[in-house]
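*Asks:* The primary structure of each chain is shown beneath.
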Amino acid sequence: GNSVTQMEGPVTLSEEAFLTINCTYTATGYPSLFWYVQYPGEGLQLLLKATKADDKGSNKGFEATYRKETTSFHLEKGSVQVSDSAVYFCALSGIVGALNFGKGTSLLVTP
Amino acid sequence: DTAVSQTPKYLVTQMGNDKSIKCEQNLGHDTMYWYKQDSKKFLKIMFSYNNKELIINETVPNRFSPKSPDKAHLNLHINSLELGDSAVYFCASSQDGSRDTEAFFGQGTRLTVV
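Here the protein sequences come in this chain order: A and B.
Each residue of the first sequence is one higher than the one before, starting from 1 at the first, in this note's numbering.
Each residue of the second sequence is one higher than the one before, starting from 1001 at the first, in this note's numbering.
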């Protein structure tokens, strides 16, 4: 079945540091891949997505590239801000768009 | 206007009680979902409805019963609540349930069973 594995946190970075959160997946067929972000006390919001191999999703300085050969979708940002502190979820879409999520990575950015 | 709204936001109740969580979306979407987020933040699909029809029913106890009176609403009723049901429950919707489509999430309902 489908599954997503992402690096466990928490990750603590200083402001302006480079961020990488690793995500790999197992899936049948050709799923779409997503990164969602959850700010404290809120629901999830889509951060970015990629729908086919070699696509790059990007938003708010975050990027991730759909790598079929390594079954990966790593999230990167060149310079994180305090406001990026949140929990980040990698996910893939299955039947009827239902999402299989990774376990989430908590990011804390300190000034 | 909130796109996906669920009520209540917090729910504290005793073991054995029956409770409901309501969800409404004003996006005109065809597909709605319930997800459960446990204490370790892990999210898992519970149910999916498409145009009021149940499409996905993951291995969820029979005590959980979703109901969709129309395609804008998907409510979750839970019978005989147990301590292990304590979690945050998220409602979500997507336009047509296709693999490419973004899901929009509600704010969550934090259920605490005591």
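Some hints could be false.
[What the hints assert, rightly or not] Computed cross-link-like contacts, EDC-like style, restricted to lysine to aspartate or glutamate with a CA-CA straight-line distance of at most 20 Å: (1) A:K103 / B:D1085; (2) B:K1041 / A:E8; (3) A:K60 / B:E1058.
[Unchecked claim] A few chain A positions that, by computed beta-carbon distances, are all more than 10 Å from chain B: (4) L19; (5) E42; (6) N100.
Bear in mind the hints are in silico, worked out from the structure with no lab data behind them.
Glycine included, each C-beta is placed from N, C-alpha and C at the ideal position.
*Asks:* All hints, please: hold or fail.
*Replies:* Hint check:
{"no.": "1", "hint": "A:K103 / B:D1085", "result": "holds (19 Å)"}
{"no.": "2", "hint": "B:K1041 / A:E8", "result": "holds (11 Å)"}
{"no.": "3", "hint": "A:K60 / B:E1058", "result": "violated (34 Å)"}
{"no.": "4", "hint": "L19", "result": "holds (18 Å)"}
{"no.": "5", "hint": "E42", "result": "violated (6 Å)"}
{"no.": "6", "hint": "N100", "result": "violated (8 Å)"}
Violated hints, listed in ascending order, are 3, 5 and 6; each of the other numbered hints is respected by the structure.
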